[in-house]
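Participant: These protein sequence lines map, in sequence, to chains Z, C, X and W.
First residue of the first sequence: 1, per our numbering; consecutive thereafter.
First residue of the second sequence: 1, per our numbering; consecutive thereafter.
First residue of the third sequence: 1, per our numbering; consecutive thereafter.
First residue of the fourth sequence: 1, per our numbering; consecutive thereafter.
Do not take every clue at face value.
A pair counts as met if it fits within one copy or between any two copies, since identical chains are not told apart.
In the DMTMM-like style, the derived pairs of lysine to aspartate or glutamate whose C-alpha atoms are separated by at most 25 Å in a straight line are [stated by the list, open to error]: (1) LYS110 - ASP28; (2) LYS110 - GLU98; (3) LYS96 - ASP129; (4) LYS96 - GLU10; (5) LYS110 - GLU125; (6) LYS113 - ASP129; (7) LYS96 - GLU19; (8) LYS110 - ASP11; (9) LYS113 - GLU98; (10) LYS113 - ASP128; (11) LYS96 - GLU125; (12) LYS96 - ASP11; (13) LYS113 - ASP45; (14) LYS113 - GLU48.
Since the hints were derived computationally from the structure, they do not count as laboratory data.
Protein chains: 4
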Amino acid sequence: MKHQLMMSREDVSAFLRREFPQIYMQGDIWHVEEVAPLRAVLRMDYHESQIRPGGTISGPAMMTLADLALYVAILASIGPVGLAVTTNLNINFLRKPEPRPMLGECRLLKLGKRLAVGEVSMRSEGSDDIAAHVTGTYSIPSA
Amino acid sequence: MKHQLMMSREDVSAFLRREFPQIYMQGDIWHVEEVAPLRAVLRMDYHESQIRPGGTISGPAMMTLADLALYVAILASIGPVGLAVTTNLNINFLRKPEPRPMLGECRLLKLGKRLAVGEVSMRSEGSDDIAAHVTGTYSIPSA
Amino acid sequence: MKHQLMMSREDVSAFLRREFPQIYMQGDIWHVEEVAPLRAVLRMDYHESQIRPGGTISGPAMMTLADLALYVAILASIGPVGLAVTTNLNINFLRKPEPRPMLGECRLLKLGKRLAVGEVSMRSEGSDDIAAHVTGTYSIPSA
Amino acid sequence: MKHQLMMSREDVSAFLRREFPQIYMQGDIWHVEEVAPLRAVLRMDYHESQIRPGGTISGPAMMTLADLALYVAILASIGPVGLAVTTNLNINFLRKPEPRPMLGECRLLKLGKRLAVGEVSMRSEGSDDIAAHVTGTYSIPSA
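Generate coordinates for the entire structure from the input sequences, incorporating the hints supplied.
Facilitator: Rendered as structure tokens:
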């Protein structure tokens with residue numbers, strides 16, 4: 001698979017803020033760290049809205065990070081498609097994350113005309129261990 | 001599988017509010033509707049914190065509903081275990097939900113000593129169509 | 001969702017034998033027991049090719065049963081489509097199956113123009129306990 | 001995670017042939033290509049028992065390859081455990097494989113006392129594209 005970068009990190013960040021303002025409602029916690037063809041790295045700040053007792057990060061917060069990383073990798077690779085929707089997401093929770101920001105690193109395994117499939121490894125910042133792993137599928141609308 | 005009901009609807013509701021106050025931080029939107037051995041029905045109010053543009057309900061909100069329905073079905077069937085943790089969750093998004101409350105109906109397929117596995121069907125209140133479907137696994141701590 | 005039955009049990013059985021003779025190569029072990037709109041029940045005979053030491057049935061044999069049950073439910077609901085392909089399959093193994101035939105009962109949760117999603121519960125014949133549970137997605141070719 | 005290699009490629013190969021002779025019943029098609037701590041590469045020969053019309057490889061054959069790659073990575077990392085069993089397997093079919101042998105490359109994401117979780121990328125020999133991707137969980141018996 002050869003793919004070009006269709007949106008820069010700045011383009012994707014601006015697109016998210018314009019099209020999905022509600023994800024920032026609880027705080028400015030989502031940051032696009034890197035984009036490349038078929039790849040993206042997202043950062044989720046450690047924020048009270050995502051925390052469970054004992055300092056751990058909630059499962060849904062990690063699912064949101066993974067879903068967003070998949071979407072950003074798709075945007076970066078095919079350009080702005082507001083209507084792509086998640087059809088399947090499978091998450092394995094592997095270790096309790098640290099009370100720190102988390103990074104979600106996405107790699108698209110397939111980018112077809114109708115479906116995109118990717119995997120996301122999530123780590124606490126500064127850690128090598130994967131705290132949670134996702135594979136997910138987006139349905140891409142016909143142009 | 002024969003199982004008894006170990007916690008009533010009122011017991012489970014009180015347990016959730018005492019042990020997981022943070023899930024009610026954004027609003028009192030989670031309601032245990034029914035419990036039975038190996039079964040539970042949860043209700044998620046239609047609340048601004050769960051909504052995406054166009055009135056649709058966010059994917060992570062539905063994942064939270066499913067995860068909570070699994071946990072309540074386990075609590076109802078084995079009693080209060082604060083430390084059960086989700087290890088795997090697989091969700092299929094099937095239809096755009098209505099701008100209404102959602103119900104998550106959980107059925108445990110297995111309740112072993114170490115692992116519990118269940119499925120959750122999620123519908124908009126008043127609708128027969130399944131908007132999203134989850135299968136999930138919880139790891140149960142040794143007594 | 002309202003759907004009609006587009007192929008009878010006999011039609012589907014004949015279609016499978018004509019289009020997929022290779023699945024019967026190791027023995028005449030696959031039987032369509034029932035079809036209805038959005039539903040199908042498949043039977044897998046207990047056959048040496050599917051058995052592991054101790055009399056248990058192999059995981060891939062159960063995945064094949066589930067995949068076939070999904071395909072038959074789709075065929076019964078939309079008619080003969082040779083080119084539908086599985087895009088995702090998620091299986092939970094719950095209990096060791098008995099040394100007996102297995103039944104796979106499929107219910108389609110969504111039957112769209114592009115994607116069909118269903119779940120399959122697999123039991124040893126004569127048992128109420130679910131031995132394995134699958135959710136799967138088929139991609140349906142444009143007409 | 002630091003892990004040692006507990007069984008060599010030769011050890012694992014001999015163990016599989018001794019403990020699981022039935023997987024070789026249809027032909028000597030499964031080969032352990034590499035093992036390392038938390039990693040394994042398995043090769044599946046292109047064999048008539050795995051083929052569908054048009055020369056493509058069956059879905060269950062790919063699931064078997066992935067399941068075996070996970071098991072070999074676990075064996076290599078913790079030593080001979082005959083009774084580890086698959087509890088969950090999630091597969092995404094991405095591209096039609098070539099009419100050639102396939103390689104399944106496994107990486108364990110977690111190797112705990114009770115559960116091991118890994119991912120497997122499957123490619124046609126000589127191809128860079130991933131034909132199918134699996135994440136799977138094994139339950140490890142108490143010592």
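Participant: With reference to the structure, classify each hint as holding or not holding.
Facilitator: Going through the hints against the structure:
1. Taking the closest pair of Cα atoms, LYS110 and ASP28 never come within 25 Å of each other, the shortest separation being 30 Å inside a single copy and 31 Å across copies.
2. In this homomeric assembly, LYS110 and GLU98 come within 25 Å of each other (Cα to Cα) only across copies, at 16 Å, whereas the closest approach inside a single copy is 31 Å.
3. Taking the shortest alpha-carbon separations for LYS96 and ASP129, only the intra-copy value of 10 Å comes in at or below 25 Å, while the best inter-copy value is 33 Å.
4. Taking identical chains as interchangeable, the C-alpha atoms of LYS96 and GLU10 are never at most 25 Å apart, the minima being 32 Å within one chain and 30 Å between chains.
5. Taking the shortest Cα distances, LYS110 and GLU125 sit within 25 Å of each other only across copies (18 Å), while inside one copy they are farther apart (27 Å).
6. Taking the closest pair of Cα atoms, LYS113 and ASP129 come within 25 Å of each other only across two copies (16 Å); inside a single copy the shortest separation is 34 Å, beyond that limit.
7. Taking identical chains as interchangeable, the C-alpha atoms of LYS96 and GLU19 lie at most 25 Å apart only when they sit on different chains, with a minimum of 18 Å there against 32 Å within one chain.
8. In this assembly of identical chains, the alpha carbons of LYS110 and ASP11 lie at most 25 Å apart only when taken from the same copy (23 Å versus 35 Å across copies).
9. Within a single copy, LYS113 and GLU98 get their C-alpha atoms only as close as 38 Å, which misses the 25 Å cut-off; across copies the closest is 21 Å, which meets it.
10. In this assembly of identical chains, the alpha carbons of LYS113 and ASP128 lie at most 25 Å apart only when taken from different copies (20 Å versus 34 Å within one copy).
11. For a Cα distance limit of 25 Å, the shortest separation of LYS96 from GLU125 inside one copy, 13 Å, qualifies, whereas the shortest one across copies, 34 Å, does not.
12. In this homomeric assembly, LYS96 and ASP11 never come within 25 Å of each other (Cα to Cα): the closest approach is 33 Å inside a single copy and 28 Å across copies.
13. In this assembly of identical chains, the alpha carbons of LYS113 and ASP45 never lie at most 25 Å apart, being 33 Å within a copy and 31 Å across copies at closest.
14. For the homomeric pair LYS113 and GLU48, neither the shortest alpha-carbon distance inside one copy (39 Å) nor that between copies (32 Å) is at most 25 Å.
Hints 1, 4, 12, 13, 14, counting from the list given before, are not met by this structure.
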